[in-house]
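Those sequence lines, one after another, are chains P and Z.
Under our numbering, the residue at position 104 of the first sequence is numbered 104, and the numbers go up by one with no gaps.
In our numbering, each residue's number is its place in the second sequence (first place is 1) plus 1000.
One thing to keep in mind: the hints can contain errors.
Claimed, not checked - Sample of chain Z residues at the chain P side, in silico, Cβ under 10 Å:
#1 1124
#2 1128
#3 1131
#4 1132
#5 1146
#6 1162
#7 1164
#8 1166
#9 1247
#10 1276
#11 1289
What the hints assert, rightly or not - Short derived list, chain Z residues pointing at chain P, Cβ under 7 Å:
#12 1160
#13 1219
#14 1222
#15 1269
Rather than coming from a laboratory, the hints here were simulated on the basis of the structure.
In this text, all values refer to a predicted model and were calculated from it rather than measured experimentally.
Even glycine gets a Cβ: it sits at the ideal position worked out from N, Cα and C.
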Amino acid sequence: MAVLRRVVTRLLIGVGVLWGAASLTFLAIHLVPGDIALLILGGPDARPTPEALAQVRADYLLDQPFVVQYGSYLGNLLQGDLGQSYRLRIPVSEAIGQQIGATAALSAAAVALALPLTFAVAILSAQRAPWIRGIVSGIEVVLAATPTFIIGFALLIVFSFTLHWFPIGGNQGPAALVLPALTLALAVFGTLSQVLRNELEDVLEQPFILTARSRGLRDLAVRFRHALRHAIIPVLTMSGFVVAALLGGSVVVETLFSRQGLGSLTLASVYNKDLPVIIGIVLLAAAVYVVVNLVIDLLYTLIDPKVVTA
Amino acid sequence: MSITDRTLAPVAVQAAPTGTLPTPAEPRPHVRAARRRPGLRPGLVLASAFLLWLAAAVLVPGLLAPGDPYAVEPARSFEAPGPQAWFGTDDSGADAYTRIIHGTATSLSIGLGATAIGVVGGTAIGLLAGLNGRLVEASVMRVLDVTLAIPEILLALVVIGIIGGGTGNAILAIGAGSIAYYARITRAQTHLVRRSGYVEAARTLGLPGWRILLAHILPNVLKPVLVLATIGVGSAIGAGASLSFLGLGTPPPAPEWGAMLSAGRNFISNAPWLITLPAAFLVATVLSITVVGRELRRRSEGRLP
């Protein structure tokens, strides 16, 4: 029951976040000076006739007061209607639907690479000799500080242009997915591994670890069965942000590797000021954030039963 | 691991005579010392030296690279790095080293400008939330929660989608994307400061509210925010280069690092130095700022929210 109540509360907060994200972007777009009708007809160079402009203003309710526009926008959103793309002339949901598969595959592959790497490196390197920790933390700091597209460039130069192991880009086949996914995974690893290793270093000094060791448990078993469970909560919290941010990282990675997907759709929409698509992608990012954090919240209760009653 | 392991002995001895639960064992001193000093001393020196050198590149670029960053010499296109051109030449024969040095000012000012916008906006919003009633605070925090749900780079892209690209707009976009982060820190710190003894004392003395705010609250709130902002400058420089790489920041042919990387992408197979060297500069810069910023944070540890 407690779990159920928790889920419902979180869902309600999530709906609030989505409503807030929709309102903020709507407000930002309408507060900024600029003729939206002109944008819809193709920008200042299009030179539309006054009749066409008037027609568009009437169609998009642009001649109505702000409150009416906002109300109709929210009403449409509730029915799942994100509006019409200015540039593609198709519904926004369709434009996003066409691209979401490629980016979902990229993000899933990145997470599938990043999490095992993070856990393996952090668990094996925590509380080891100073030189091991020095090397590992050095690599983590470099990866976390390096902009994602530079990591991608490095992988491209080594594995595509020098070793010729992987294609330089495109969406064809699993081989083309390896380098883009690895790029995102390394960026995620740099951030998460620092958090997990720091936590593990603290936990491994606790008395209950000594108790576990005194029972004759081997080192690896102590790390996996006792230390990890205590160190994992901050990492989970952090992964919520990091996984939701993959949508942002995909913009850079899909450009660098010439891939189709939500990232390249975002970029094309920003170039062309295709505002409905931009709002749609922002809402999708917020929705991903809400769902990912809901899942993580449920994981907390699995890992630490005290969370539910607290 | 056997029961005679040396790490077990102190706890067993400690627990027996007092008859109470064993207090958490003091961490082994050498472990603590090693963790607090992660062996970054030479790194810190290197990072500071590199930052000083970058400052020279911003202030007197002509001294470090006397050439003209816009000079083209088509006959010398795609020269590999060598004594004639340290970092090679690009497709139009322009000297890459000269362009990198002269681009330092633009790349760094994107990072500093964006961070300044984030700190000023964030401090104002954070003070507003931290010093006013519960209703104001709750509404501000809920709006900040919403911006947390959207990745910073996507927030910057939304701003650019509305106001357009270019160096100035990129600074504005990255800065706007980071306001929420600084607002959170400021609010937390404001809560600590407003309950402190010196603010209480100032109030007892009957100082006017604006004076307490400017002379007592603001300086003490700002200190930790500025320490964290140091690290933020590094990531803002990276974000600026990313936007230029996407074609939304500084447009070519201006010598900005991200724009150079974007242009070099077309020649990655025959002139990889047009990628590797600007990239090395960018990474060295962000890394140096991170290392110095972390050191500042470490020194002010315990005084941060």
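**OP:** Kindly indicate which numbered hints from before are broken by the structure, ordering the numbers from low to high.
**Re:** 1, 2, 3, 4, 8, 13 and 14
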